[in-house]
Amino acid sequence: MTATDTLDPPVAAGEGAAKKTLTEALLYLDGVTVTFDGFRALNALSFTIDPGEMRAIIGPNGAGKTTMMDVITGKTRPDKGDVFFDGGTTDLTKLDETQIATLGIGRKFQKPTVFESHTVLDNLRLALKGQRRALPNIFRRETAAARERIDEIFETIKLTEHRGRLGGALSHGQKQWLEIGMLLAQDPRLLLVDEPVAGMTDAETAQTAELLRAINANGHSVVVVEHDMTFVRDLGVRVMCLHEGSVLAEGTLDQVSANERVIEVYLGR
Amino acid sequence: MLNLFTQARRAAGRAAVGATALALAGLTVPAHAQETIKVGVLHSLSGTMAISETTLKDTVLFMVQEQNAKGGVLGKKLEAVVVDPASNWPLFAEKARELIAKDKVAVVFGCWTSVSRKSVLPVFKELNSILFYPVQYEGEESERNVFYTGAAPNQQAIPAVDYLMENEGVKRWVLAGTDYVYPRTTNKILEAYLKSKGVPAEDIMINYTPFGHSDWQTIVADIKKFGSAGKKTAVVSTINGDANVPFYKELGNQGIKATDIPVVAFSVGEEELAGIDTKPLVGHLAAWNYFQSVDTPANKDFIAKWQAYTKNPKRVTNDPMEATVIGFNMWVKAVEKAGTTEPDKVIPALIGVAVPNLSGGFSAMMPNHHITKPVLIGEIKDDGQFDIVEQTPGLIVAEEWSPHLEGSKDLISDWRSPLNCGNFNVKTGKCGGAGN
Amino acid sequence: MISSARLRRLSCALLLALYGLCGALFSQPALAQDISAPLAQLATDNYADTEAALGALALSGSPAAAGIVAALADGKLVFSAAPRQVFLRTETGLVDPLTLQPVADPPAVKPVRVNNRVRRAIEAANGTLSLVSPDPAKRLEAATAVARSRDTAALPALDLALSKEADPKVKTALTLARASIVMGQPGVSDAERIAAIGLVGAEGNQDALAILQGVPADSSPAVKQAAADAIAGIERSLAMWSMAQNVWYGLSLGSVLLLAAIGLAITFGVMGVINMAHGEMVMLGAYTTFVVQDAIRTYNPGLFDWSLIIAIPLAFLFTGLIGVIIERTVIRFLYGRALETLLATWGISLILQQAIRTIFGPTNREVGAPSWMSGSFDIGQLAITSGRLWIIVFAILVFVALLATLRMTRIGLEMRAVTQNRRMAASMGIRTNWVDAMTFGLGSGIAGIAGVALSQIDNVSPNLGQSYIIDSFLVVVFGGVGNLWGTLVGAMSLGIANKLLEPYAGAVLGKIALLVIVILFIQKRPRGLFALKGRSIEA
Amino acid sequence: MSPSDTRPPTLIPTNGLVFLGVLAAVAVLVPLLNLATSPDAAVHVPTYVVSLLGKYLTYALLALSVDLIWGYVGILSLGQGAFFALGGYAMGMYLMRQIGTRGVYGDPMLPDFMVFLNWKELPWFWYGFDLFPFALVMVLLAPGLLALVFGWFAFRSRVTGVYLSIITQAMTFALLLAFFRNDMGFGGNNGLTDFKDILGFNIQSDGTRAVLFFLSALALGLGYVLCRFLVRSHFGKVLIAIRDAETRVRFTGYRAENYKLVAFVVSAMLAGIAGALYVPQVGIINPSEFSPANSIEIIVWVAVGGRGTLVGAALGAVLVNYAKTYFTSGFLAPYWLFMLGGLFVAVTLFLPKGIVGTFYDWREKRRPSPDALGEPLPEPKPAE
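The listed protein sequences correspond, in order, to chains A, B, C and D. Note that this note's numbering has the first sequence beginning at 1, numbered continuously upward. Note that this note's numbering has the second sequence beginning at 1, numbered continuously upward. Note that this note's numbering has the third sequence beginning at 1, numbered continuously upward. Note that this note's numbering has the fourth sequence beginning at 1, numbered continuously upward.
Errors might be hidden in some of the hints.
[Unchecked claim] Below, in silico cross-link-like pairs of lysine-lysine (DSSO-like), each with a Cα-Cα straight-line distance of 27 Å or less:
id: 1; chain 1: B; residue 1: 225; chain 2: C; residue 2: 110
id: 2; chain 1: B; residue 1: 197; chain 2: B; residue 2: 231
id: 3; chain 1: B; residue 1: 300; chain 2: C; residue 2: 110
id: 4; chain 1: B; residue 1: 257; chain 2: C; residue 2: 224
id: 5; chain 1: A; residue 1: 129; chain 2: A; residue 2: 80
id: 6; chain 1: B; residue 1: 279; chain 2: C; residue 2: 169
id: 7; chain 1: B; residue 1: 279; chain 2: C; residue 2: 110
id: 8; chain 1: C; residue 1: 224; chain 2: B; residue 2: 381
id: 9; chain 1: C; residue 1: 138; chain 2: B; residue 2: 231
id: 10; chain 1: B; residue 1: 197; chain 2: B; residue 2: 409
id: 11; chain 1: C; residue 1: 169; chain 2: B; residue 2: 257
id: 12; chain 1: B; residue 1: 102; chain 2: B; residue 2: 257
id: 13; chain 1: B; residue 1: 300; chain 2: C; residue 2: 76
id: 14; chain 1: A; residue 1: 94; chain 2: A; residue 2: 75
id: 15; chain 1: D; residue 1: 196; chain 2: B; residue 2: 125
id: 16; chain 1: B; residue 1: 224; chain 2: C; residue 2: 138
id: 17; chain 1: C; residue 1: 110; chain 2: B; residue 2: 314
id: 18; chain 1: C; residue 1: 224; chain 2: B; residue 2: 279
id: 19; chain 1: B; residue 1: 125; chain 2: B; residue 2: 337
id: 20; chain 1: B; residue 1: 225; chain 2: C; residue 2: 138
id: 21; chain 1: B; residue 1: 430; chain 2: D; residue 2: 365
id: 22; chain 1: C; residue 1: 138; chain 2: A; residue 2: 75
id: 23; chain 1: B; residue 1: 257; chain 2: C; residue 2: 138
id: 24; chain 1: D; residue 1: 120; chain 2: B; residue 2: 409
id: 25; chain 1: B; residue 1: 195; chain 2: D; residue 2: 120
id: 26; chain 1: B; residue 1: 125; chain 2: B; residue 2: 171
Worth flagging that the hints you see were computed from the coordinates, not collected in a lab.
Same shape as in the complex, but just chain A (with noise of 0.2 Å):
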């Protein structure tokens, strides 16, 4: 036993939904605080995401959600407040961008980000787990596995046929699906999933979400944050909603949306 695992989970201001004790949490965020320029984009964000869960958010522009995911990836070092991975065994604020990735946290951004002038192929090459030091990849060469483990990505993100591609001739949609491919053959424990069907159809959407959903049964924890109630209805895994760099509210899509401060801010009359 060590002295974090006694502290108790710490109470957002205003609101007392549930939160796990850091040994039990994936991911474990509290008080974390975020300015630029006097602008505080994230304010005492307390959050925990349990191993295996898949979690929605929503929110107005400027709630602090894409800043969320930049603390969370070490892309943004926070002002205050502790985030920590697996269990409170790993501070995420002491670690680089690459070496969250390696942990096993994995990210879709908001704009989809390909490598365009890479074939799809490549892409789900250089995103598949392994090797990732600079001079043995020289010599890399590919094994059967990786190839098998390739095509089953292909399968479950439907671009197949699309393998000889440039990843820049692909469109919006099948842009967002290689991303999300991507991170499978990353095979992290934890995804982040940045407005993954802006632009998409209703029937990709709803692709979009079943791949989703696909996704975490297999054991995978997914933070999917959108704007789409559709598709978050469609994914049917608990809402929480963002205002102003903290959790508004937190619950089931409806208990979320009938809470009053969120039609307030959000979702409107």
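Following the hints, position chains B, C and D against chain A.
Structure of chains B, C and D alone, referenced to chain A:
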């Protein structure tokens, strides 16, 4: 293998190798029929040195025209081949090679900076051609294929220092230069010379600045401070080209007048002064072997023709131009003496050739491949010209190896038989420097 | 400074002149000297003779002497070889130096030649004459000259002058001069010496230091101690002043850097064009100044002092126009491809350099300084040169004007709008093409204005721009791309750091050290001094 | 058969084969035609052409080194000339020591420039350069170490884009100033020159020149193969990924700075080798090789030839330098800067992808094939 190559070469193989030959066609222009004698001009027309060297290119073209008007040389017309080495030192070597090997020039007039000369030297030695080098330089060199028509340090620096000591009673010296070989060597020589004249070390300040130095505030203030110690102080400037204008402007701004701390420069001539308002600089000095203000009929005639040639009645003349003119005339005379442009005949024929210089006397090519020169000291006038305040009574022979330097005090050069050596050591009696 | 032989001559002259003055005051009539001998001696090409003749003239007390000396200084004193005779050249013709009557039948003449040695003799003669001058300023100058000369022979003359002097300022100067001389003289009492040391030490400048260092080695310990204390005091204060002086030099260099970089802060910083032709815009501005001055010299020399003022708008318009042309013909096809702008503008810079070389020739062109930019003055021990002061003022004015243009004018607003969100700006009816052209024109025009200022301190040659381009980029990047204040602070801090390093490391090592510092600094702040912070955007 | 079994890109694509073929032909024919034909023969290649072409080849290798980091990693180094010059200096120092007593002062130890600056002892950093293997190691080590230290700092601090470009320029400018100083002991402005022989062979003899030419061609060929090998490996794919989306690469778990560093060091070493081959062929190395303008020119070569194509970089270097040689002689000499400047502007406006890149585009258009596995076409993205 090599043997095979040489044999094959003599056998003049006529293998048809189209692709490469085609690819190289642009580079290998067949030599022209030899109805003219070609004269190479190797001066930068662009880049940092264009400022100084362009005039020398014009001078050679002018001399070629003049000579052709007189009927050319050996009954043939001269033809100038101009290339632009673009102030790029490796390009100098490349262009020299092109002039000699491709254009088959009989002689090359060129280079300004020491480094450009050093760069082309191996080429001239290898291809056995002739270079006339018209700029004052640091000495410490004498090569069979090069003829130096500019001043060695003893033909410029030392007389200038003597003048300041005798006429201005200077006791304290600032040796300010650009950090390259000419100022370094000249200042080493001057330092040794001043010390031999009893100037204590604390009365000599040496300062080096990089090329194109433009912010002189601190250094000029230091000079001012050094000069306020109660002893008459002078600045000996070996500051190069571009840096001079801001230097003199700063002197003027900080109110250092020639009557307080005179500056004697070795790299500032009429051409450089054309870019400065000289009113604040009146009285500062320069030492050269020629000034445009030299009052001789030969010079007046030359200036008139030059200004007519350039169609610019304000075009100035300067010392390296005179050196180019002297070199050109010497080459013409030697070719006529030898009856051929063959370098192996012209090189020995050049020794002993004397041609009139523009300051009223004759300059002669000495066995060390340097020429005899008068030394003139001039004070800057407000019209950008120089007032000649002193002229050595006779001609001075170049000390290409300075007796004031440790490494060269035992060396001499003599390109006549039987010595035929550019660095003969009189102590060891051997050719080849200090080689034991 | 002044050779001792000459000093002795000066002080003798001074002495005699003073006695002459006293003589004139006490015993009428003044003895009128015959100056025909020195006049004949002036008719020569020999500097030593000229110098000697000047000395004699100064001592002569002849009323004609001042005029003759002035004429010599102006190059208006001429002589004929046979007969050996001097004349003054006036606008109407030659006149006799004594009678000032026109010469009926002028012989062939040439000017009496002047070199530094003669020039100094002229100054000395003028100085001698100015000690009897009714103008206190002239007397002050003469007193200062004597203080610097420290010639014992001048002591009696000084004592005499002191007893007559009424002006307190001149009196102080004379006292100081006396103290300086007393310092090194044998047979002076310790008390008098220590008093002198106190007086001189209070001056606290470089000259005083030199005088104090001249205390004879065989002085008593008390005198030596007093001198050592005074020297230490002066050195302390001089060290502080020299620090201030270095900061001043740094500000001056910084203002030059600011001028050179500020146009680039627009074309590169705001528009993102890696503008390698920026230096050539500066050069074009400098050449505009040259053309303006050339025209003024030819058509209206009286306007010369206004030449820079006239050149500023012309340089702005001309280089601005060139900038607009470049933008319209080349740059506009390259937006969003910053690295290709590097390539194209590099090509443009080669073309512009060669164009100027073809038109104006490869050599430097002369750009003169108007009288209000010449000279220098002191604040305490701080030497301020007017030219540099004006450049600092000018740099700040340009900076403020540019800031105001961007902040307060319609075009400035549109520029900011276009750089921040081109599509949005376009949809709001802003003619983005026009704004692009104007912005590039503004940046180029500002560079042209900088050229006007830089023509005052640097070569006006086709290579002018090349020498500033690296520093300019360094300043903009160091300050933070896209931030004008960053450029200002960057330029000033680089300038001052350079000048503070220079006395210790020398010009070259100082500059190298500065470059290394900038490289290391960029590691600490990879987006410059004034980087904009904000929510990180992806990729 | 698994669908993932797609053919990996060949090590040497068609254009590479053409390039290597031409290079091999030139490498053999030029020395042969120089040595084995009489000077009067129509097909004779004069010696000056050999050294000229040799110089172009070293420039081509230098351009290749720039293309590796600029074309494939997006590092726009405006200081590549520094690595070239350091390699050149390492070779130059060896050649200086080979002069031995044949210098004008005949000093057995000290190069001439040290003698006339009154230096008494050889500075410590000149020791070892009398040995060829040591010099060869330094040719790689000097630029490599500089790149390692500089890159380690810069990439770790995530200095990118123009900021990186400008500090590389500051680096080469600082070195320029340093090497100009005579007190540094590298011959100041004059640099190192007047070389006599290399490994005992007269450096000016036609045979030596031919061998040096051949070696330059060989180095270029090997350099090309090495670069190809690197960019088509998994390592190379990461490099291209860094160029296009560095942040994504980091979030995928790669240490982008290490990849950049390796590429930067390899590139610096290639530049060093180019410099080492350049010096004996042109006969001089001096600080002007460090000048920022030189480094910018290298970028220009690559851009003219086609960034991110390797072959294009080499081609661009040869073409631009041939144009320079051609324009700086004869009646064009006074106007050559107009031509060169005009060329750069024209290339950016009309051939934005360079000669080779434009050729690819043209070929793609003629023969549309969605499968672009052969040569990954770079989409040069704005650096900032």
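How the hints compare with the structure:
1. B:225 x C:110: Measuring from Cα to Cα gives roughly 39 Å; hence the hint is violated.
2. B:197 x B:231: holds, 16 Å
3. B:300 x C:110: Distance of about 18 Å is within 27 Å: holds.
4. B:257 x C:224: violated, 35 Å
5. A:129 x A:80: Cα-Cα ~32 Å, so violated.
6. B:279 x C:169: violated, 32 Å
7. B:279 x C:110: holds, 21 Å
8. C:224 x B:381: Since the Cα atoms of residue 224 (chain C) and residue 381 (chain B) sit roughly 47 Å apart, the hinted pair is violated (cutoff 27 Å).
9. C:138 x B:231: holds, 24 Å
10. B:197 x B:409: holds, 18 Å
11. C:169 x B:257: holds, 26 Å
12. B:102 x B:257: violated, 53 Å
13. B:300 x C:76: Since the Cα atoms of residue 300 (chain B) and residue 76 (chain C) sit roughly 25 Å apart, the hinted pair holds (cutoff 27 Å).
14. A:94 x A:75: The given pair, whose Cα atoms are some 11 Å apart, holds under the 27 Å limit.
15. D:196 x B:125: This hinted pair holds, its Cα atoms lying about 12 Å apart.
16. B:224 x C:138: Holds. Residue 224 (chain B) to residue 138 (chain C) sits at ~23 Å (cutoff 27 Å).
17. C:110 x B:314: At roughly 23 Å apart (the allowed maximum being 27 Å), residue 314 (chain B) and residue 110 (chain C) satisfy the hint.
18. C:224 x B:279: Violated. Residue 224 (chain C) to residue 279 (chain B) sits at ~45 Å, over the 27 Å cutoff.
19. B:125 x B:337: With a Cα-Cα distance of about 23 Å, the restraint between residue 125 (chain B) and residue 337 (chain B) holds, given a limit of 27 Å.
20. B:225 x C:138: Answer holds: residue 225 (chain B) to residue 138 (chain C) is near 25 Å, not above 27 Å.
21. B:430 x D:365: violated, 73 Å
22. C:138 x A:75: Outside the cut-off at roughly 73 Å; violated.
23. B:257 x C:138: holds, 19 Å
24. D:120 x B:409: holds, 16 Å
25. B:195 x D:120: Holds. Residue 195 (chain B) to residue 120 (chain D) sits at ~20 Å (cutoff 27 Å).
26. B:125 x B:171: violated, 44 Å
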